[in-house]
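Chains A and B, in that order, give the protein sequences.
Letter by letter, the first sequence follows residues 1 to 404 of this note's numbering.
Letter by letter, the second sequence follows residues 1 to 154 of this note's numbering.
By construction, these hints were calculated from the structure, which means they are not laboratory data.
Some hints here could point you the wrong way.
[Unchecked claim] Listed next, the stretches of chain A that the computed footprint assigns to chain B, with coverage defined by at least 3 CB atoms under 8 angstroms from CB atoms of chain B:
#1 38–46
#2 84–94
#3 107–118
#4 219–227
#5 380–391
[Claimed, not checked] Only pairs whose alpha carbons sit at most 30 angstroms apart, straight line, appear in this in silico DSS-like list of lysine-lysine:
#6 A/LYS351 with A/LYS270
#7 B/LYS90 with A/LYS270
#8 A/LYS270 with B/LYS141
#9 B/LYS143 with B/LYS66
#10 B/LYS66 with B/LYS128
#11 B/LYS128 with B/LYS141
A virtual CB, placed ideally from N, CA and C, is assigned to each residue, including glycine.
Residue-level listing of the chains:
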Amino acid sequence: MIRSRFSPSSSPPWLALLLGALLLAGPARAQELGEGLQAHGFISQVVTHSSDNQVGGDSDDGLGWGLREMGANLSWRPTPDWLLSGQVLGRWAGETDDGGLRLDYGFIDRTLVSDGVNQMGLRVGKIKNPYGFFNTTRDVAHTRPGIIMPQSIYLDRIRNFILSAPGAALHGNLAANDMDISWSLGMVQPDTSSADLESLFLLSDRVGKMKGDWTWLGQVMADFQGGRWRAGLTLGDVRMHYQPGGDPLLASGDNRLTPIVLSLEHNAEKYSLTAEYTQARHENGGYGASPLAVGLQKPNTVEGWYVQATYRPSLDWRFYVRRDEVYLDRNDRYGKKNPSPFYPPFILFAKDWTVGVRHDWNAWEFSLEYHDVKGTLWLSPLDTAFGNQTQDWDMVLLQAAWRF
Amino acid sequence: MTEAARPSVVPRRRPGGGTVLLCLFLTLGLAASLAGATEIIANRSVAVSSLSLASARAVFGMRQVKWPDGSPIRVFVLPDDHPAHGAACKERLNLFPYQLRQSWDRQVYSGMAQAPSEVASEEELLNKVATTPGAIGYVRKVKGNDPVKILSIE
């Protein structure tokens, strides 16, 4: 099923050629190819080992080699007011992603107003969606807050859905005194092609198809004192619908997700404290009258938060600890009110302690991370079927990454 | 400012009063010269002679890409771990090098902005700024005959 979705036919050969050429051509950190023309790229590999549950391959009491990312981008600024950017991405993630190359983003950005301090512009094309602090570059190991993203806000099971999408966005910057406010307001059609998305919203990868509808996403991010303090608000009105095809259990239906994300960070010279909180209301209509459909029709509010402390004794070392909690239904956190015949109750939440260390060496980055987790909300049933999942589990990950 | 208020106390120590005052002024003078050790420099074609702190952060943060006259800004920087880079970030922009790196990475890998041009040494940076129209950068020492202009941050 997954193979067919990311088959080679869906990734044009020119993407592979471009990616290969750019990765080979990038000996230095930033590659300036000419006046206003730059190339950058990245590659990372993670090895996983878990006590139970599969993450990135056969990690359960073994080693999983199935988490890998590579990407390369080109940007061209012919004049200060125009910017053309595009990035090709290959990603492998256990059974949920098989590395088929895709256009991660590709857009034109036109500056409309710029007065030396404040500015406003318009992006049109396939754009990255600002969502919390880290969404836009979540596939680039060097920019992540750890090996595994905090799943309360950046749930990997819906990563494609939230990551980037065709559409347009107005964006801008306002600076005054010791404050800098950046904002963006986008209208996009979310990507619903991932089988994992259906496993989250419909409990399994079904014969029908989810289709993205026009969706609003907005963000305001304020930096105080050059980023000593950062505070952000992300709002969304995300919509999609289900085309059942020959689905025997589900009729056509609509889904609407309205997330709110609050972000707060304090940056000192040697340490940072980062916290984000989300609530996302999920409502749907239609889907018919089968027992599965009736189960799906119940609205829910996802709630999650994480707090991370990062200590940097020097520029090339960092140590971090994180608490990350997420609940699929804040009114029934442990599935006690409405037990389901379709899944065990612990797939409704995940509570995770993470500790990690990262070392940077030139363009390389090496990380070691440990997770102690209760609940399996962020695991994909494509990797570990609901019936085989274990509630209490832990995991060690090792990552090597390079970029230019 | 708090140091400036101290001389009212100092004269009480009669015998060494003058020496203490002298030391105080020397210390203050040294501190002032250290604080101003890094200079923001620009190509002589650049029409402005000063930048607000917000504007300087926007320029080095790669969010502001043109000068008020519309000409392109070219930003030159040193490696993250170069002492002059750390000094320029802290003294002139009042932020930490890792913050600038995070901000560049997030923009570069989402296509929203381009990276600054990185050079290996202060000599090379000075040469690039001197010879590239619209260029901006920083060095720890500017000599009187260096062919660049110094921008003040207000």
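Evaluated hints:
1. 38–46: holds (count 3)
2. 84–94: With 3 residues closer than 8 angstroms to chain B, the region 84–94 of chain A meets the three-residue bar; holds.
3. 107–118: Contact hint for the region 107–118 of chain A vs chain B: holds, 7 residues under 8 angstroms.
4. 219–227: holds (count 3)
5. 380–391: n = 0 at 8 angstroms, threshold three: violated.
6. A/LYS351 with A/LYS270: The given pair, whose Cα atoms are some 27 angstroms apart, holds under the 30 angstroms limit.
7. B/LYS90 with A/LYS270: Given pair B/LYS90, A/LYS270 holds - Cα atoms ~13 angstroms apart, limit 30 angstroms.
8. A/LYS270 with B/LYS141: 27 angstroms, holds
9. B/LYS143 with B/LYS66: Holds, at roughly 27 angstroms.
10. B/LYS66 with B/LYS128: 18 angstroms, holds
11. B/LYS128 with B/LYS141: Cα-Cα ~16 angstroms, so holds.
The structure does not agree with numbered hint 5 stated previously, though it agrees with all others.
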